[in-house]
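*Asks:* What follows is each chain in one-letter form.
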Amino acid sequence: MTTLAAIGRAFLGVLAAIGRIVLFAAETVSHLARPPWYPREFMIQVLHIGYFSLPVVGLTTIFTGGALALQIYAGGARFSAEAVVPQIVAIGMVRELGPVLVGLMIAARVTSSIAAEIATMKVTEQIDALVTLSTNPMKYLTLPRVLAATVVMPVLVGVGDVIGIMGGYLVGTERLGFNAATYLRNTVDFLEATDIVSSLTKGAVFGFLAALMGCYFGMQSARGAAGVGAATKGAVVAASVMILAANFVLTELFFAA
Amino acid sequence: MIELRDVHKSFGPKEVLRGIDLTIPKGESMVIIGGSGTGKSVLLKCVLGLIGPDRGEILVDGQDVTRLRQGSSERDAFLAQFGMLFQGGALFDSLPVWQNVAFRLLRGSLKRPKAEAREIAVEKLRRVGLTPDVADLLPAELSGGMQKRVGLARAIAAEPEIIFFDEPTTGLDPIMAGVINDLIREIVVEMGATAMTITHDMTSVRAIADDVAMLHAGKIRWTGPVAQMDDSGDPYLAQFITGSPDGPIETLR
Numbered sequence: 335m336t337t338l339a340a341i342g343r344a345f346l347g348v349l350a351a352i353g354r355i356v357l358f359a360a361e362t363v364s365h366l367a368r369p370p371w372y373p374r375e376f377m378i379q380v381l382h383i384g385y386f387s388l389p390v391v392g393l394t395t396i397f398t399g400g401a402l403a404l405q406i407y408a409g410g411a412r413f414s415a416e417a418v419v420p421q422i423v424a425i426g427m428v429r430e431l432g433p434v435l436v437g438l439m440i441a442a443r444v445t446s447s448i449a450a451e452i453a454t455m456k457v458t459e460q461i462d463a464l465v466t467l468s469t470n471p472m473k474y475l476t477l478p479r480v481l482a483a484t485v486v487m488p489v490l491v492g493v494g495d496v497i498g499i500m501g502g503y504l505v506g507t508e509r510l511g512f513n514a515a516t517y518l519r520n521t522v523d524f525l526e527a528t529d530i531v532s533s534l535t536k537g538a539v540f541g542f543l544a545a546l547m548g549c550y551f552g553m554q555s556a557r558g559a560a561g562v563g564a565a566t567k568g569a570v571v572a573a574s575v576m577i578l579a580a581n582f583v584l585t586e587l588f589f590a591a
Numbered sequence: 154m155i156e157l158r159d160v161h162k163s164f165g166p167k168e169v170l171r172g173i174d175l176t177i178p179k180g181e182s183m184v185i186i187g188g189s190g191t192g193k194s195v196l197l198k199c200v201l202g203l204i205g206p207d208r209g210e211i212l213v214d215g216q217d218v219t220r221l222r223q224g225s226s227e228r229d230a231f232l233a234q235f236g237m238l239f240q241g242g243a244l245f246d247s248l249p250v251w252q253n254v255a256f257r258l259l260r261g262s263l264k265r266p267k268a269e270a271r272e273i274a275v276e277k278l279r280r281v282g283l284t285p286d287v288a289d290l291l292p293a294e295l296s297g298g299m300q301k302r303v304g305l306a307r308a309i310a311a312e313p314e315i316i317f318f319d320e321p322t323t324g325l326d327p328i329m330a331g332v333i334n335d336l337i338r339e340i341v342v343e344m345g346a347t348a349m350t351i352t353h354d355m356t357s358v359r360a361i362a363d364d365v366a367m368l369h370a371g372k373i374r375w376t377g378p379v380a381q382m383d384d385s386g387d388p389y390l391a392q393f394i395t396g397s398p399d400g401p402i403e404t405l406r
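Line by line, the protein sequences give chains A and B. Just so you know, the working numbering puts the end of the first sequence at 591, numbered straight through with nothing missing. Just so you know, the working numbering puts the end of the second sequence at 406, numbered straight through with nothing missing.
Worth flagging that the hints you see were computed from the coordinates, not collected in a lab. Take the hints with a grain of salt, since some may be wrong.
[Stated by the list, open to error] Partial selection, computed: residues in chain A whose CB lies under 8 Å from chain B:
| id | residue |
| --- | --- |
| 1 | Pro370 |
| 2 | Gln405 |
| 3 | Phe413 |
| 4 | Ser414 |
| 5 | Thr458 |
| 6 | Glu459 |
| 7 | Asp462 |
| 8 | Ala463 |
| 9 | Val465 |
| 10 | Thr466 |
| 11 | Ser468 |
| 12 | Val485 |
[Unchecked claim] For each label pair, taking beta carbons as the anchor points, the in silico distance ranges come out as:
| id | chain 1 | residue 1 | chain 2 | residue 2 | range |
| --- | --- | --- | --- | --- | --- |
| 13 | A | Ala340 | B | Glu339 | 56 to 66 Å |
| 14 | A | Leu346 | B | Gly400 | 38 to 48 Å |
| 15 | A | Val363 | B | Ser262 | 15 to 25 Å |
| 16 | B | Gly400 | A | Ile378 | 47 to 57 Å |
| 17 | B | Gly165 | A | Ser364 | 25 to 35 Å |
| 18 | A | Leu381 | B | Gln381 | 55 to 65 Å |
| 19 | A | Ala360 | B | Asp174 | 16 to 26 Å |
| 20 | B | Gly345 | A | Leu381 | 43 to 53 Å |
[What the hints assert, rightly or not] A short list of chain A residues far from chain B (calculated; beta carbon distances all over 10 Å):
| id | residue |
| --- | --- |
| 21 | Arg343 |
| 22 | Ala367 |
| 23 | Val489 |
| 24 | Ala514 |
| 25 | Ala527 |
| 26 | Met576 |
| 27 | Leu584 |
| 28 | Phe589 |
Positions of the beta carbon are idealized from the N, C-alpha and C atoms, including for glycine.
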């Protein structure tokens, strides 16, 4: 019986956590419709989450695009289909790897820093101080971060898609002997609007989840250095898992026949 | 005037407040003393609405603040009359000192032009003994005493009617503690504000208080004017004042 009780408790715990996160998300979004807003905070977050993430996005996707081209060439060679490299790189990058890799890098870079910052603010009573200064932390801290991440992530994913394809193109033309013009023509001809729309939509959803998890775990942080550490770890793990799960659901929605 | 009536608060099985009754008349400086972990901070946070009490009423100027909804305009108006000095300062470390002090004046209902807000911030910094060149530093670049002063300047920036001080002298050397105590006293008198301080520093009590209340075992053990504190006849209070390990208060906490 104790084993069953333990399983039940764990399951109820998970359900309660999901409930709390959904309520937190609903409250965050509801502040979008209710002033005051803090546009300056939003712009700062756009800069931090968007602009300063560009190098890491570029580096991640260019190497992945290059490796993808090599793999598809080697795999395709088994049944004389080497020529499909541009098409598969484009599809693979835009539909899956671009959004997922950028999402995971944002979870590592942005979710962790949001969680650590807000948790530290909580631990040092800065969140309480905000309240006593008539400022709602959900409006001042959470909404600008979540909104900024949701808005800039599609742009980051778009940039990541392009650079990933470029990685494939560089490997394709320099190492695998593809003609540059043909490579580009094949890429452009093969991609459809749905591919790009799905890619950018995934970006927006992943951005929302990444920032939301950072804020949620930060706000829930326990006291002390250990509390901040646990909040940061929890936020990154939750954001990564949610991004991968959401990716599956979105792929199902967009591409399932 | 702040009135607490039968305020209860538990965290899980732990009863922290077990029926607090306390009145702080307008313009008076009330200091609440008590050992570590007796719920002083919880009491203060209940009044501010940062923690909701389980039971009881908290009236500020006749209005029950426990019924104010989070984010409502009544609650905003209620908070607008408060200033609070946090134990660790709780300065926003991403903002320079002057923006910390002028935080309320840069956004929300009290918003005013940046130059004017800065001017007020510099004026408040001067009031707490800091020079204008501190204004552009970040909180992390200040010493503990200076952070306390900045916290104090932020608490008084919007001319509050009620000011709370959470252990204002903790972590300071005796001389700096004395300076902060004097500053608090001067400011409270000069602004005519109602003040509520929680501390376990008896020097602070004598410097700041009009009235003293002692919190013990979740209840107000003794309350009265500071002048009567030394011959209260209450063994708990006497033990606390002298800091003796022998007496009715358990020392193993």
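*Asks:* Among the hints numbered above, which are violated by the structure, and what are their numbers in rising order?
*Replies:* Those not satisfied are hints 2, 3, 4, 12 and 19.
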